[in-house]
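Asks: Listed below are the residues making up each chain.
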Amino acid sequence: MAMAMAVVTVAALAALAWAAFTPVTFASREETFEIPKGTWARRMAGNKVEILPSRVFLTLGIRDVLLLKNMDDVPQIFGPTLMMPGQSFRLPFEVASSYQFACTAHASGQMTVVVVEQPDTPWRRLAWRTRKILRTVA
Amino acid sequence: MSYATRFAAPLTCLLLSLTAHAADVPGRSAEGRNPEGLKAGVFDPAREAPDFSVRGSDGSALTLSRYRGKVVLLGFGYTHCPNVCPVTLAVLAQARRQLGPLGSQVQVIYLTVDPERDQAERLKQYLAAFDPTFVGGTGSAAQMAAVRLSYGVTAEKHGTGSDYAVAHSSFVYLITRDGKLRALMPFGHKADDYVHDIAMLLN
Numbered sequence: 523m524a525m526a527m528a529v530v531t532v533a534a535l536a537a538l539a540w541a542a543f544t545p546v547t548f549a550s551r552e553e554t555f556e557i558p559k560g561t562w563a564r565r566m567a568g569n570k571v572e573i574l575p576s577r578v579f580l581t582l583g584i585r586d587v588l589l590l591k592n593m594d595d596v597p598q599i600f601g602p603t604l605m606m607p608g609q610s611f612r613l614p615f616e617v618a619s620s621y622q623f624a625c626t627a628h629a630s631g632q633m634t635v636v637v638v639e640q641p642d643t644p645w646r647r648l649a650w651r652t653r654k655i656l657r658t659v660a
Numbered sequence: 316m317s318y319a320t321r322f323a324a325p326l327t328c329l330l331l332s333l334t335a336h337a338a339d340v341p342g343r344s345a346e347g348r349n350p351e352g353l354k355a356g357v358f359d360p361a362r363e364a365p366d367f368s369v370r371g372s373d374g375s376a377l378t379l380s381r382y383r384g385k386v387v388l389l390g391f392g393y394t395h396c397p398n399v400c401p402v403t404l405a406v407l408a409q410a411r412r413q414l415g416p417l418g419s420q421v422q423v424i425y426l427t428v429d430p431e432r433d434q435a436e437r438l439k440q441y442l443a444a445f446d447p448t449f450v451g452g453t454g455s456a457a458q459m460a461a462v463r464l465s466y467g468v469t470a471e472k473h474g475t476g477s478d479y480a481v482a483h484s485s486f487v488y489l490i491t492r493d494g495k496l497r498a499l500m501p502f503g504h505k506a507d508d509y510v511h512d513i514a515m516l517l518n
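In order, the protein sequence lines correspond to chains H and Z. Residue 546 in this note's numbering is what sits at position 24 of the first sequence, and the numbering runs on without skipping anything. Residue 405 in this note's numbering is what sits at position 90 of the second sequence, and the numbering runs on without skipping anything.
Some hints here could point you the wrong way.
[Claimed, not checked] Derived DSS-like pairs (lysine-lysine); straight-line CA-CA distance at most 30 Å:
1. Z:K495 to H:K591
2. Z:K472 to Z:K505
3. Z:K385 to Z:K439
4. Z:K439 to H:K559
5. H:K591 to Z:K439
[Said to hold, decoys possible] Restraint ranges, calculated between C-beta atoms of paired labels, are given here:
6. H:V636 to Z:T448: 33 to 43 Å
7. H:D642 to Z:D478: 29 to 39 Å
8. Z:T448 to H:I573: 17 to 27 Å
9. Z:T448 to H:R657: 40 to 50 Å
10. Z:E363 to H:S550: 47 to 57 Å
11. H:A549 to Z:G476: 48 to 58 Å
12. H:I573 to Z:D493: 28 to 38 Å
13. Z:L464 to H:T634: 20 to 30 Å
14. H:A660 to Z:P447: 22 to 32 Å
15. Z:S477 to H:D642: 48 to 58 Å
16. Z:A443 to H:V571: 38 to 48 Å
17. H:L535 to Z:Y479: 51 to 61 Å
18. Z:Y479 to H:V596: 26 to 36 Å
19. H:L656 to Z:R492: 41 to 51 Å
The hints are simulated quantities; they were obtained by calculation from the structure and are not laboratory data. Positions of the beta carbon are idealized from the N, C-alpha and C atoms, including for glycine.
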């Protein structure tokens with residue numbers, strides 16, 4: 523029993539240490555959202571198609587570029603702007619802040635891009651990863 | 316040997332190796348920037364900026380094509396705007412001043428989202444307070460709505476009576492000398508960012 527407790531404790535400490543000490547990295551700086559081909563047709567058929575969340579979370583230096591792509595056959599209001607078929611819109615962020623954009627695709631009429639500082643200390647990395655997990659499960 | 320002692324060594328090793336790993340934090344690189352280095356959001360491919368013909372604050376017909384050969388900064392707003400428009404226009408005026416002689420190759424066009432109250436003369440007076448070269452545009456409600464639609468700009472009236480407000484898109488379009496809708500600068504950017512991008516577009 524004591525042995526099992528010790529193993530669990532070490533595993534938990536190891537997980538916490540990993541979350542605190544391992545740098546946060548992504549393969550790409552771009553957070554990509556794409557309107558797939560046929561989206562307009564599906565909407566016209568009465569289907570609810572949600573592509574862009576009302577809140578997007580970015581992190582400076584790691585994932586700080588919002589990339590929107592319209593792969594559909596018709597122009598689409600996507601996030602803050604009107605995009606032609608086949609067009610992309612790439613928006614980099616350099617300052618941590620909360621950015622509000624008018625967006626008719628959302629019921630609130632707004633889209634928010636939350637940009638946070640790069641987590642560069644163990645405690646911040648732990649907090650960053652915890653928030654990410656909470657957002658995922660929420 | 317106690318359990319604590321037994322696990323202390325591997326745990327210490329793990330923490331030390333993670334600490335060494337954590338030191339290798341990637342710095343901010345140029346990777347996140349747009350290929351052209353623009354600070355604004357970039358459209359790829361750039362499309363032809365929709366032309367329009369509205370009543371200009373200078374009394375003449377205002378078209379976008381009139382300014383072919385200049386970099387155009389196109390914004391949408393209204394003269395009763397309490398916060399966003401004054402800030403945006405002040406930033407644009409500062410950027411134009413910072414550009415020095417290059418500023419003459421830049422044209423700011425501000426189209427009203429409140430044609431009911433923004434007549435040409437009112438727009439002229441309002442914009443002149445920021446920069447006398449700024450040109451405003453107004454027209455019928457249907458005319459201005461059509462222009463907004465072609466750019467994907469939203470504007471929604473809030474409140475009743477004469478003291479209403481208009482919630483509107485707050486970004487500024489960057490249009491190249493040859494009339495291409497190249498980029499979009501979100502609200503909140505400083506004059507330096509505009510100067511940076513305008514200089515790139517002029518070159």
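Asks: Is 26 to 36 Å right for how far apart the beta carbons of Y479 of chain Z and V596 of chain H are?
Replies: holds (33 Å)
Asks: Take a look at whether the Cβ-Cβ distance between T448 of chain Z and I573 of chain H falls inside 17 to 27 Å.
Replies: violated (41 Å)
Asks: Are L535 of chain H and Y479 of chain Z spaced within 51 to 61 Å by their CB atoms?
Replies: holds (59 Å)
Asks: Given a hinted range of 28 to 38 Å, is it respected by the beta-carbon distance of I573 of chain H and D493 of chain Z?
Replies: This hint holds: roughly 32 Å between Cβ atoms.
Asks: Hey, K439 of chain Z versus K559 of chain H, does the alpha-carbon distance stay inside 30 Å?
Replies: Distance of about 45 Å is beyond 30 Å: violated.
Asks: Need the status of pair K472 of chain Z, K505 of chain Z: alpha-carbon distance at most 30 Å?
Replies: With a Cα-Cα distance of about 28 Å, the restraint between K472 of chain Z and K505 of chain Z holds, given a limit of 30 Å.
Asks: A range of 48 to 58 Å was offered for this pair. Does it hold for the Cβ distance of S477 of chain Z and D642 of chain H?
Replies: Since the Cβ atoms of S477 of chain Z and D642 of chain H sit about 52 Å apart, the hinted range of 48 to 58 Å holds.
Asks: I want to verify a distance hint. Is the separation of the beta carbons of E363 of chain Z and S550 of chain H within 47 to 57 Å?
Replies: Between E363 of chain Z and S550 of chain H, where Cβ atoms are some 30 Å apart, the hint is violated.
Asks: Using the beta carbons of T448 of chain Z and R657 of chain H, state whether their distance is inside 40 to 50 Å or not.
Replies: Holds, at about 46 Å.
Asks: May I ask you to test the hint 22 to 32 Å on the CB atoms belonging to A660 of chain H and P447 of chain Z?
Replies: Since the Cβ atoms of A660 of chain H and P447 of chain Z sit about 52 Å apart, the hinted range of 22 to 32 Å is violated.
Asks: Given the proposed pairing of K385 of chain Z with K439 of chain Z, does the C-alpha separation stay at or below 30 Å?
Replies: holds (21 Å)
Asks: How does the Cβ-Cβ distance of A549 of chain H and G476 of chain Z compare with 48 to 58 Å: does it lie in that range?
Replies: With a Cβ separation near 54 Å, A549 of chain H and G476 of chain Z satisfy 48 to 58 Å, so the hint holds.
Checked against the numbered hints given earlier, this structure breaks hints 4, 5, 7, 8, 10 and 14; the rest are met.
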